[in-house]
Amino acid sequence: MNLKDKVVLITGASRGIGAAIARKFASEGSFVIINYLSNKHLAEDIAADIETRGGQAAAIQADVTDFEQVNEMMAHIIENFGTIDVVVNNALSHYTFNPRTRKTAWEMEWDDYNQQWEGNVHGAYNICRAAMPFMKEQMYGRIINIVSNLIDFPVIPYHDYSTAKMALLGFTRNLAKELGAFGITVNAVSPGLTYPTDSSAETKDDVRESIIHLTPMRRLASPEDIAGSVLFFASDLSAFITGQCLHVDGGLVMK
Amino acid sequence: MSITVEVKVYRTPITIELKEREEIIECGESTFVMKYPIISGEDMKNIASLVKFNRSAYLASMPIAQIVEKIDLAVQKWLNPDYALRRLAEKLVPVVTGYDEEMVRLEVKRYIRTFRKKELLRFLDEEFDQPAMLDEFRPRKTGGMSRAFGPESIFHVFSGNVPGVQIWSLIMGLLVKSAAIGKTSMSEPLLPVLFAQSLAEVDERLAETIAILPWKGGTNELEEPAIEESEVVIVYGSQDTVEKVKEKVPNGKRVLSYGHKISFAMVGREALTPDHYYESIHKLTEDISVYDQQSCLTPQSVYVEEGGAISPKQFAQMLAAEMERYHKKKPRAKLSDEEAMSIQRFRNQYQLEALNNRPISVYFSSMDTSWTVIFHEEAGFAGTPLNRSIHVFSTESLEDAAAAIKPYQQFLQSCGLAVSPNRLFILADLLGSYGVNRISTIGEMNRAKPGWHHDGGFNLLDLVRIMDIERNVEQELERFDPDVE
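Just so you know, the protein sequences line up as chains A and B, in that order.
Residues in the first sequence are numbered consecutively from 1, following my numbering.
Residues in the second sequence are numbered consecutively from 1, following my numbering.
Isolated chain B, as found in the complex:
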């Protein structure tokens, strides 16, 4: 009863023909033949100029309202549980990435929902006084007219750690009317391709402005022409990836980079009362465990305040028990030997410190590497090898503990916060001054809200050039109207 399904893990304009190699994935009763492209530098140049040509011929003059409508139609497709491509993704992404099937199903659906029409309008309104300035010159309140021009084309270097985030970048590019070349990671090449396919179902010509190709990062033959042919480069990934891409981009060309970031959580005594403590632990476990901590939004350290119904040490113990339950519910992906080793080393390091009478306790899944909790009696700040490993720091007061993050300013990102409302702004001011750029509730750390300032910056504004027509120009030019009085 075996069914064979061919899946193209790349997308180019239809006239482009690439040689392919195949990889077979067996999944239950289905056999998937994954078709990977074999790309030459010449192919890359052709693809890049073709998407740009298609963009000028179509997308460049499409009103923004229409672009939003079309993206929304594609999004609507994905919100239908029976949509064929969604079902394919739900089946294949867990196999390709190793993430728990149920987790992928839930998170992909939640993520796609953040691109409904109303949210896209929110993105636009958040950054442009008048989104119509993407279509034409619009009057400014201070006089004169302005129009926003998006790049002719964007080269997106996607990361592969979190399924689906690439879609966000693609949508940003469409909203500023840019052609796209997306380089996917070999570890998750599928979702952006499937989403582009949905766009093609809605409007084939629109999808012809997008090319999505997987290749091994660092392949100069492909990356150089891709950079050369693009006006803007956006790169996601590890610090190493970001630096390597940046090196290749000539001076003067715009690069937006989203590199290595660390997030953390703070749990105040108000969230550790008998009626709240379990919920706080439960939610934090969700934050640590979703996508096995691969996102930069997920916490690696948590500060727990003394004075609640449970002590910070008890918090660490209960967190450990909850991590075990989460693993039973949604098992962590199988790790590479290297990743498993780094968790073992991480555990050993702190066990050794504990033996040397440092005030540290180590809790971990005894049979495997599925989760690790390191409890520190003294405040500090540290990263973890991820894959569900976390530091818990005890502190007398969160305000005092905050100082520990200061040296890491350039890497800081989100803080999941559970305190009483009157401490929100005190802590937010403090954390903001130390480099944190997002405060979220715990339990939702992995779910940034539509319109957020990614790593503290703008999403669309950073992509466009604004052109001004100064206010006296229009008045001056009136004089040259042959019909003027």
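So that you can see chain A by itself, here it is in the shape it has in the complex:
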């Protein structure tokens, strides 16, 4: 897949989808940077595990919503690894997907939206902003943003979360338009409900079953399923694809 020795930064990679993406890049020979906010142990365990399997990985703490911290992390990456080839914006503000305790439309506060906007779009903005100069310099780069298929099909209306993810898709497309000229592609991957992850743990069996019922492939996504399409966007196989959103949800959303 031509991902060997590529320097890949994955945000929010200490667990769930992010961790699966990190492992998959590592298995293709990439140099993986596992960014985390607070799960130091988990992130370091993943890096250690990758290294015992003969891969290359490092865990770096940074709050992606904080521009200073992101800049420091990027400086650290450039200083130690020389470049940045791929960034995967996977981090999100803490969110519990619980259909029973979610806020209804008439309970939503503007702050709720703001918090998701901060975590999803501001985080991606900071990362992209910091990576862009280096990608432009080498006339090559891959930016992959993780959105959600809830933006196309709100099975459960998680207003704040899905709105912020939709904004991230808008951000993706605009960035793609402007960065294409520099040989940088920007794409989005849109997972369906992914199980098992910590975020989806509170989505009860009945809701999971009803989603499975609507899904042509008759199961939920696994973190590895999502990782596969992220690697596709990072690889040369997708060299002429930009501004796209790929649904990885077993066919639940078709468009």
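If you are wondering where the hints come from, they were derived from the structure by calculation, not from laboratory data.
Every value quoted in this text rests on a predicted model; they were computed, and no experiment measured them.
C-beta atoms are modelled at their ideal positions from N, C-alpha and C, and glycine is treated no differently.
Mixed in with the good hints, there may be bad ones.
Said to hold, decoys possible - Mimicking SDA-like on lysine to any residue, the simulated pairs with C-alpha atoms at most 20 Å apart in a straight line are:
#	chain 1	residue 1	chain 2	residue 2
1	B	K329	A	I212
2	B	K330	A	D198
3	B	K328	A	S199
4	B	K329	A	A201
5	A	K204	B	R105
6	A	K204	B	K329
7	B	K91	A	D198
8	B	K328	A	M217
9	B	K330	A	S210
10	B	K329	A	G251
11	A	K103	A	S93
12	B	K329	A	R219
13	B	K330	A	T215
14	B	K330	A	P196
15	B	K330	A	R218
16	B	K330	A	S199
17	A	K204	B	K328
18	B	K328	A	L214
19	A	K204	B	D82
20	B	K330	A	I212
21	A	K40	B	E29
What the hints assert, rightly or not - Cβ pair distances, simulated, as ranges:
#	chain 1	residue 1	chain 2	residue 2	range
22	A	A105	B	N80	29 to 39 Å
23	B	N80	A	S38	25 to 35 Å
24	A	K103	B	M367	40 to 50 Å
25	A	P196	B	T31	15 to 25 Å
26	B	R140	A	H213	46 to 56 Å
To be verified - Some but not every residue of chain B turned toward chain A, in silico, with C-beta under 8 Å:
#	residue
27	E322
28	R325
29	K328
30	K329
Let chain A serve as the given structure and place chain B on it in line with the hints.
Chain B alone, transformed into the frame defined by chain A:
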């Protein structure tokens, strides 16, 4: 950050002290020190007489309504997701049994719900015209008075295949006011102990009538005194276990046994229309996969009728794909070498038959033993080595296929049925006459409803003695009232 938690996998009245041996279980960041008892024959006698003493001093005279209330309070605790013992069970049972964590969490919760107060009342009302006859002599409609006496104590020999079912037996014993000695299986000793602990939190004296101990089945030194000291023996398990226990019980002592049973499913063409076929397959997969098919309620064969939108063979293929998805969602437990071998032999046997031009197709998980589907063009009946392996038999009509089960009468139990309503009673009559004792919907085969007739019998009535005072006695005795006119 490691936390060490001590867990007693047995329960006795508090004054009993047993030596213990420890087993360590590592689970994430926790270390569990499992404390197993070392029991002598002498200990067993002491425990048995103590639970009986505690029972006569307390439980024997407790009104049934109060017993129900107390069990309900313990059940309520378990229905709280944050209840410490439930959380402990959710963590430990998957490790001890190998069952998928999510499956255990879901099934234990569903199971405990069947013991809410309203369901306990249902149990009682199902079998007693007046549950109060467990408390006192009650008038009968035909005249006279009757009272039900439960056994002084019951020796329960539990099986370990399905977590939690032991609780059912314990509750039956409490409802008839009996002391209990429960022998748990080494493969799942935990849930009955934890439930008894919850009872103790509700009413310590009530829990003092219960002893739950794990030991290796067949240990005469313990089983003989346990049987001797009990009025009734209830045994669950394989045919072998049941026979061995029965041999030890002297003539005249009551034994209730729940041994080897086989269940199956029937899917009619009405459930195989384009709008229903996937759902039928999905639900059946659930029936086959829950607790890795270890319960006697789970199907081992399924009859699929021709004439639907998908053929029986396509049904088998889609069932195979669905079994694979289920395995991804809730992986099957890791098997012992012996169990894995028996699945390999099972596959080989039918692959060989297929090679010899028998109308058979074999579908299975290619990387491991996680699931196996054997498709038969001709109707028949067969058991499987369990652990998610199933026969699919094609048939022109379910009514005709039913004849295939007849030779297995003594082993038959549940039939999961998906047909049009006008065929329900025709099939039920037929299946009933062949020995089946329960019809359930598919998708719920593993969830028997409260108040059901377990293996076709009664639950509480089989445990009690009914004592009658004949109708003329009370009238006759009036004459001896010194104050009589």
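Here is how each hint holds up against the structure:
1. As the CA atoms of B:K329 and A:I212 are separated by approximately 11 Å, the hinted pair is consistent with the 20 Å bound.
2. Of the supplied pair hints, the one linking B:K330 and A:D198 holds, its CA atoms being roughly 16 Å apart against a limit of 20 Å.
3. A C-alpha spacing of about 19 Å is found between B:K328 and A:S199, which places the hinted pair at or below 20 Å, so the restraint holds.
4. Distance check on the hinted pair: B:K329 and A:A201 sit about 13 Å apart at the alpha-carbon level, within 20 Å; holds.
5. Distance check on the hinted pair: A:K204 and B:R105 sit about 11 Å apart at the alpha-carbon level, within 20 Å; holds.
6. The hinted pair formed by A:K204 and B:K329 meets the criterion: a straight-line CA distance of about 14 Å does not exceed 20 Å.
7. The suggested pairing of B:K91 with A:D198 holds, with an alpha-carbon distance near 16 Å, which does not exceed 20 Å.
8. At most 20 Å may separate the alpha-carbon atoms for a hinted pair to count; B:K328 and A:M217 meet this at roughly 13 Å.
9. The straight-line distance between the Cα atoms of B:K330 and A:S210 is roughly 17 Å, inside the 20 Å bound, and the hint therefore holds.
10. Annotation: proposed proximity of B:K329 to A:G251 holds, straight-line Cα distance about 18 Å (limit 20 Å).
11. Distance check on the hinted pair: A:K103 and A:S93 sit about 16 Å apart at the alpha-carbon level, within 20 Å; holds.
12. Pair hint B:K329 plus A:R219 holds up; C-alpha atoms about 8 Å apart against a cutoff of 20 Å.
13. In summary, the hint linking B:K330 to A:T215 is supported, as the alpha carbons are separated by about 18 Å, within the 20 Å threshold.
14. For the hint pairing B:K330 with A:P196, the CA-to-CA distance comes to about 10 Å; that is within 20 Å, so the pair holds.
15. For the hint linking B:K330 to A:R218, the alpha-carbon distance of about 14 Å falls within 20 Å, and the restraint holds.
16. With a CA separation close to 18 Å, the supplied pair B:K330 and A:S199 stays within the 20 Å bound.
17. Proximity of A:K204 to B:K328 is assessed by CA-CA distance (about 17 Å); at most 20 Å being required, the pair is judged to hold.
18. For the hint pairing B:K328 with A:L214, the CA-to-CA distance comes to about 18 Å; that is within 20 Å, so the pair holds.
19. The straight-line distance between the Cα atoms of A:K204 and B:D82 is roughly 16 Å, inside the 20 Å bound, and the hint therefore holds.
20. Pair hint B:K330 plus A:I212 holds up; C-alpha atoms about 14 Å apart against a cutoff of 20 Å.
21. As the CA atoms of A:K40 and B:E29 are separated by approximately 15 Å, the hinted pair is consistent with the 20 Å bound.
22. Checking the proposed 29 to 39 Å range against A:A105 and B:N80 shows it holds: the Cβ atoms sit about 30 Å from each other.
23. A beta carbon spacing of about 29 Å between B:N80 and A:S38 agrees with the range 25 to 35 Å that was offered as a hint.
24. Between A:K103 and B:M367 the C-beta distance comes to about 43 Å, which sits within the given range of 40 to 50 Å.
25. Range check, A:P196 to B:T31: Cβ separation about 24 Å, and the 15 to 25 Å hint holds.
26. In this structure the hint that B:R140 and A:H213 lie 46 to 56 Å apart at CB holds, the actual value being about 52 Å.
27. Interface restraint check: B:E322 against chain A, minimum CB-CB distance 7 Å, threshold 8 Å, status holds.
28. Restraint check, B:R325 versus chain A: the minimum CB separation of about 4 Å is within 8 Å; hint holds.
29. The beta carbon of B:K328 comes within 6 Å of a beta carbon in chain A, closer than 8 Å, and the hint placing it at the interface holds.
30. The closest approach between the C-beta of B:K329 and any C-beta of chain A is roughly 6 Å, which is under the 8 Å cut-off, so the hint is satisfied.
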